[in-house]
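Residue strings, one per chain:
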Amino acid sequence: MGELLSNTVRLVVGGCLLSAVLGVGCAWVVERTDVPYRNLWHVLGAAPLAIPAFVNSYGWSSLGGGVDGYDGALLVVTLSYFPLVYLPTAAALRGLDPGLEEVSRSLGFGPLSTFVRVVLPQLGPAMIGGSLLVGLHLLSEFGALQMLRFPTFTTAIYDQYNSSFNSAGANVIAAVLVLFCLVLLMADLQLRSRRRLARVGSGARRRATPITLGKRRLPVVAGLIALATASLGVPLYSLAHWMVVGSSTAFPLADIASAALTSTTLGLAASAIAVALAVPVAWLAVRHRSPASTTLERSTYVANALPGIVVALALVTVSIRYVPGIYQTYTLLLAAYATMFLPRAMVSVRAAIEQAPPVFEDLAHGLGLGPAATIRRVTLPIIAPGVGAGCALVFLAVTTELTATLLLSPIGTTTLATQFWSNSSSVAYGAAAPYAVLMVLISLPATYLLSRRPELEEMT
Amino acid sequence: MTGLVMSGVTKSFGDRRVLDDVDLDIAAGSVVAVLGPSGGGKTTLLRIIAGFLDADSGSIDLAGTRLVDNGRGMASQHRRIGYVPQEGALFPHLDVEANIIFGIRGRARRSFDVDDLLKLVDLDPSLKNRQPHELSGGQQQRVAVARALAPGPAVVLLDEPFSSLDAGLRAETGAAVLGAIRGIGATALLVTHDQDEALSLTDRVAVLRDGRVVQYSTPVDLYRAPVDAATAAFVGRVVVLPAVVEGDLAITAIGRLAVASAGPQGAVRVLVRPEQLSLVPGGGDGTARVLGVTYYGHDALVHLMLEADGHTIDARILGADLPARGDVVGLTVRGPVTVLTSREPAR
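Sequences listed follow chains A and L, in order.
All the letters of the first sequence, read from the start, carry residue numbers 1 to 460 under the numbering used here.
All the letters of the second sequence, read from the start, carry residue numbers 1001 to 1347 under the numbering used here.
Warning: the hint list may mix true and false statements.
[To be verified] Cβ-Cβ distance ranges computed for the label pairs, FRET-style: (1) L/ARG1110 to A/PRO357: 45 to 51 Å; (2) L/ALA1098 to A/ALA187: 22 to 28 Å; (3) L/PHE1013 to A/LEU17: 41 to 47 Å; (4) A/LEU441 to L/ASP1021: 53 to 59 Å; (5) L/ASN1070 to A/GLY223: 54 to 60 Å; (6) L/ASN1070 to A/ASN39: 29 to 35 Å; (7) A/SER290 to L/PHE1013: 31 to 37 Å; (8) L/GLY1330 to A/GLY368: 57 to 63 Å.
[Said to hold, decoys possible] Among chain L residues calculated to face chain A with C-beta under 10 Å, some are: (9) GLY1071; (10) GLY1073; (11) ARG1079; (12) TYR1083; (13) GLN1086; (14) ALA1089; (15) PHE1091; (16) HIS1093; (17) ALA1150; (18) PRO1151; (19) HIS1311; (20) THR1312.
Just so you know, the hints here were simulated from the structure itself, not pulled from any lab data.
Cβ atoms here follow ideal geometry from the backbone N, Cα and C, with glycine treated the same way.
Here chain A stands alone, though its shape is the one from the complex:
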């Protein structure tokens, strides 16, 4: 327990700090300097989100070179999760009135002290919020850490459960893990409710004059290339390598197709359920604000902080004790997905309903439309994009979900993630590669969406 505790804490603290440094550094370079190809760097800064962390760890460890233990784990999880800091920080920088920086310059401060005294305090919420999100991800990370042989609470829960079916022991560790998650969640809530760093006035809508890098341009670009190589180049090269030359590369098309079909079906079903649950709750929370509806809405977000393994374990315990009939059925698996990914559907549906101000509905009534016609002709078309985005994000999360799927899926069911996992854990790297490639391809659209609308990042 002592080693697990120290490993978990070291990983979360180290991962959060490194992600914050990388994320803020990249955001500042891309948004505030005259670095060439800034649009390219922006896409590359978001792109690591398209590669699940356990695929990234496979990329690094399958090439040999002894990437494992604390250093290896820290490297891989930072490269996988720093975009969670980069995206909101870049968005905050874009929204920051350049007038603030200009005033500081005119009052005698150079670019560096202006960054420390003026820009950094404004970035606080985005930066710390992003780092806490990284922390939550690290607490629930299972695949990457298991592969890199770095035991934490989450991998220990899995081992306890899997090796000995020691549900009691697993539950104890899970309780400790939940405690950690709640600490991070509280810190995040505390941060949000603190003094609002509201923009004062609307300021000028223009891009800040970029800072000339001059001689520093070469090292800065070299650093960005190194980061992109490590976070994207290595895993992609590794996938390509194993696809082409892997000795274990058999290409069992039927198996791959069946896993893809299972993943797709589960993804579609789970996203339909999550959105069907999210729409009424979000509707109540926005249109009929009351303590009850707000509590209902907020309670769904707590699930966002719960690691998949904890949700899965809880459902196993409850189902065995009370409804043994659904243990190891799709029903239970879909219930786990709905619990875990409801917040993703919620955030985008809620944002869409908020952007459809009631005035449109009033207008429709004024023009003679009844309630049903108003919903069909006015409300639904307005919230459709948000509902679509929610569906897409849940779908993508399900297709790359590993932990809960491993614990809960009916015997004999394989998904892209579980088949990749069983191949790569038996060192059949070549056989694992096609499944990883499919998962990366499926994740691309969501990553693109996220790089356009960083406010959705809360749900990743």
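Place chain L on chain A using the hints.
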């Protein structure tokens, strides 16, 4: 002591020339407005002075120090220029006091008299521990000016600082801010597209149009003797009449009018401001029929058609004594008229 001197400042964005050989000499301790329509290059000029933007060519000197030489210049943090952007841009993470002493360094921070500066911009010193979002727009703008003045800059640049305030607040804030700047004898450059603001608040006005300074004079000269019809129309409502000038008299449909300064002879157009016209029932030097009246309360615009040649003109009269539509009134002109040199039509 010399103030701010610009010479030959030129700047293009792509093939659009935004500033074209701008020369401007601002005496130390004076308050100057750069007035012009949107897109006329005002803000670009100000950003070049502040050092946020390089010029293509030209030089700028401030109090004997060369800031910009052949377009390029020293970094903005070394220029000793106070800058008040649109909407103030107070640092949202700092309270009023911390905003004001932001530019003061070292030990001077502790002994700096924030209360005094707040009083100077006509704010209550009790506001100093407020957060920016707890202030009204006008208060934020005054704090932004105090922050710019605190380190004792050689010149203060104000970029349309009052444009986001509503009309009543704008005049009041403008007066308080310019009063503070005059109170400590600072040099100031105010960029604005609002002619009332430029005329009422400053010592001299530079009119910037299509990247060129077309006129640089006192508010009174600018209003009374604009260089061309477009400038005339930009700073106020105009009446343009065809005239024949003989010596220092212009012969028009409303009589023989004194010409402000000796100029071209023969057939020209002359500029009369609507408030120079008086309605004289049953008298005057010309007669006109009243087409309509736009009533503003304190005054009114009377729309008239001259009986002599059918020209339509406007007269501004006090709101107490209004003619009725269809009345025939006599007209006289008070004060001299200005001969327009440009051939372009006045709006």
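(request) Kindly confirm whether 41 to 47 Å is satisfied by the beta carbon distance between L/PHE1013 and A/LEU17. (result) Once the Cβ atoms are compared, 42 Å apart, the range 41 to 47 Å for A/LEU17 and L/PHE1013 holds.
Status of the L/TYR1083 interface restraint (C-beta, 10 Å, chain A):
holds, 4 Å
| task | May I ask you to test the interface hint for L/GLY1073 with respect to chain A, counting a Cβ-Cβ separation under 10 Å as satisfied? | result | violated, 13 Å
Status of the L/ALA1089 interface restraint (C-beta, 10 Å, chain A) = holds, 3 Å
Given the hint of 31 to 37 Å, is the C-beta distance from A/SER290 to L/PHE1013 inside that range or not?
With a Cβ separation near 54 Å, A/SER290 and L/PHE1013 fall outside 31 to 37 Å, so the hint is violated.
Q.
A range of 45 to 51 Å was offered for this pair. Does it hold for the Cβ distance of L/ARG1110 and A/PRO357?
A. At 50 Å between Cβs, range holds.
- Task: Determine whether the Cβ-Cβ distance between A/LEU441 and L/ASP1021 falls within the hinted range of 53 to 59 Å.
- Result: Hint holds: Cβ distance 58 Å, inside 53 to 59 Å.
Against chain A, is L/ARG1079 within 10 Å by beta-carbon distance?
Hint on L/ARG1079: holds, closest Cβ of chain A at ~7 Å, below 10 Å.
Q) Between L/ALA1098 and A/ALA187, does the beta-carbon spacing fit 22 to 28 Å? A) holds, 26 Å
**Study point:** Supplied contact hint for L/ALA1150, tested at 10 Å Cβ to chain A
**Key:** OK, holds: L/ALA1150 within 10 Å of chain A, min 8 Å.
Distance restraint hint 54 to 60 Å, applied to the beta-carbon atoms of L/ASN1070 and A/GLY223
violated, 34 Å
Can you verify the interface hint for L/GLN1086: is its Cβ closer than 10 Å to any Cβ in chain A? holds, 6 Å
Hint check: violations occur at hints 5, 7, 9, 10, 19 and 20; the rest are consistent with the structure.
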